[in-house]
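Enquirer: This is what each chain is made of:
There are 2 protein chains.
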Amino acid sequence: MEVLNNHVTIRKFKNKPVDPKLLESILYSGTRASTTGNMQVYSVLVTQEEDRKQKLAPLHFNQPVAVNAPVLLTFVADFNRFSQWCTMNKAKPGYANFISFFTAAIDALLVAQNVSVAAENNGLGICYLGTTTYNAKEIIDVLNLPKLTFPVTTVALGYPDEKPDLTDRLPLEAVVHHEKYSDYSEKNIREFYAYKESLTEMQQFVKENQKETLAQVFTDVRYKEEDNLFFSEKMLQVLRDQGFLND
Amino acid sequence: MEVLNNHVTIRKFKNKPVDPKLLESILYSGTRASTTGNMQVYSVLVTQEEDRKQKLAPLHFNQPVAVNAPVLLTFVADFNRFSQWCTMNKAKPGYANFISFFTAAIDALLVAQNVSVAAENNGLGICYLGTTTYNAKEIIDVLNLPKLTFPVTTVALGYPDEKPDLTDRLPLEAVVHHEKYSDYSEKNIREFYAYKESLTEMQQFVKENQKETLAQVFTDVRYKEEDNLFFSEKMLQVLRDQGFLND
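The listed protein sequences derive, respectively, from chains F and D.
Counting in the working numbering, the first sequence runs from 881 upward without gaps.
Counting in the working numbering, the second sequence runs from 881 upward without gaps.
Next up, chain F with everything else stripped away, as it sits in the complex (with noise of 0.2 Å):
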């Protein structure tokens, strides 16, 4: 399937809007998507005013394609609609709680994939924010959301201004396992990241973080753990604001 298998994450979007109808159309394949109990405990924020992005490109880290892609999507996990609904029908809503959060972020993360996949289908690009969760407090701020929605992702969306080369994959052996998770060995890591670790991109950003090992990069540089606990607890807290979380 060539649109799946082709995809990049493109960074730089041609100052070029997107059709409103064409964007309408992709939510729309969005919305196909399977979801729990055909409950659709989603929603989708559409950002398109420059002062609006503007207030979202700091949440992001100023990424510059938070800041240079004409839309950003932000896909919401809500049950606040569902249960505006129950409360109306003489129904008890029974949804502030962690496992109906995490229902809602599925459901939105399908449609999110769904939505990404439309979009590259029709000759946009897209790129992945997983900023989101590390500073949904702010992000719930700027887009009014209320008790019982949590934004889960964010793409951004454009026509694209670059070429970029499919980046690379660990083999499909790695990833899959047949009927038991086998662990893995240090024969089978060694292997499995033994072409990531050849290729001359990320050699060069071993060196250019002057660090030792690529590994170095990510617990040192990109995904360090005392910023993985700061935004755990953060990200906790918010549930815990917006009613997901009771303890």
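Don't take each hint at face value.
[Stated by the list, open to error] DSS-like, lysine-lysine: derived pairs with alpha carbons at most 27 Å apart:
hint, chain 1, residue 1, chain 2, residue 2
1, F, 1087, D, 972
2, D, 1067, F, 972
3, D, 1027, F, 1060
4, F, 972, D, 1114
5, F, 1076, D, 972
6, F, 1076, D, 1067
[Claimed, not checked] Some but not every residue of chain D turned toward chain F, in silico, with C-beta under 10 Å:
hint, residue
7, 886
8, 898
9, 929
10, 932
11, 934
12, 947
13, 948
14, 980
15, 1032
16, 1043
17, 1044
18, 1047
19, 1054
20, 1080
21, 1088
22, 1092
[As the list claims (entries may be wrong)] Some chain F residues flagged as far from chain D (calculated, every beta-carbon gap over 12 Å):
hint, residue
23, 892
24, 897
25, 944
Please keep in mind that the hints were generated in silico from the structure rather than gathered at the bench.
Glycine is no exception: its CB is placed at the ideal position from the N, C-alpha and C atoms.
Using the hints, position chain D against chain F.
Expert: What follows is chain D alone, placed relative to chain F:
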């Protein structure tokens, strides 16, 4: 995009195996999905053996689809492999925390949706099993999943032996918000849910369950607060046991 727009959930499969080459090609398309920092912090567990399917079926509440699909794919948030690679490369992994779990869950869910789209594009049918997070603990045992992994969803896969109609969706404007989340008025909610409530199938659903409203079927029968609270506690405990929640 036809394959996205025509998606229907398949719950009845032909007694016809999925060719290993086809399965491999579908899984490959899965791995082309976006992944945080290209870390690929997920694994896919393929279940085809009859006795293991029999062990998984009750954990999916014996949904017929869990028994009669030739293939079950369990998508797992996985920081185990990556952490082992770090440790072997003089890097201290810092991923035993909640944000890392959620990052890995996003990764796993994007792969799941790509795999589903690729499967349907090849004439296969799929059904998501939302029960995976309810019984994650028991699924971990059956699939031998180590610490720093967590099963987030399951997709049942096979050749369709039914041709269901498209299911209803809320109007696009019910789930899409431009610039800011505009909270719903009673009038909005009435309008957005009117079509769903009008469907014969839904009215049948209300009658069968001896309820007054469709919403009550959800709150009193299908997704009850007491169950949600029980499974929330259970899921949080499993996250703790798997090393993703330290409090």
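Enquirer: Given residue 1088 of chain D as an interface hint, is its Cβ closer than 10 Å to any Cβ of chain F?
Expert: violated, 16 Å
Enquirer: Quick check on the hint: residue 948 of chain D CB to chain F CB, less than 10 Å?
Expert: violated, 18 Å
Enquirer: Hint validation: residue 1044 of chain D versus chain F, beta carbon distance must be below 10 Å. Holds or violated?
Expert: Status violated, d = 12 Å.
Enquirer: Holds or violated: residue 898 of chain D as interface residue toward chain F, Cβ cutoff 10 Å?
Expert: violated, 13 Å
Enquirer: Let's test the interface hint: is any C-beta of chain F closer than 10 Å to that of residue 932 of chain D?
Expert: Status holds, d = 6 Å.
Enquirer: Find the nearest Cβ of chain D to the Cβ of residue 892 of chain F and say whether that gap is larger than 12 Å.
Expert: holds, 16 Å
Enquirer: Next pair to validate is residue 1087 of chain F with residue 972 of chain D; report whether the Cα-Cα distance is within 27 Å.
Expert: holds, 19 Å
Enquirer: For the restraint on residue 934 of chain D, tell me whether the closest CB of chain F is nearer than 10 Å.
Expert: This interface hint is violated because 13 Å lies over the 10 Å limit.
Enquirer: When the nearest CB of chain F is found for residue 980 of chain D, is that gap smaller than 10 Å?
Expert: holds, 6 Å
Enquirer: Is the hint on residue 1092 of chain D kept, meaning its closest Cβ partner in chain F is under 10 Å away?
Expert: OK, holds: residue 1092 of chain D within 10 Å of chain F, min 6 Å.
Enquirer: Would the hint on residue 1043 of chain D be counted as holding, given a Cβ-Cβ threshold of 10 Å to chain F?
Expert: violated, 16 Å
Enquirer: Can you confirm whether the C-alpha distance between residue 1067 of chain D and residue 972 of chain F stays at or below 27 Å?
Expert: holds, 19 Å
The structure is inconsistent with the numbered hints 6, 8, 11, 12, 13, 16, 17, 20 and 21, although it conforms to all the rest.
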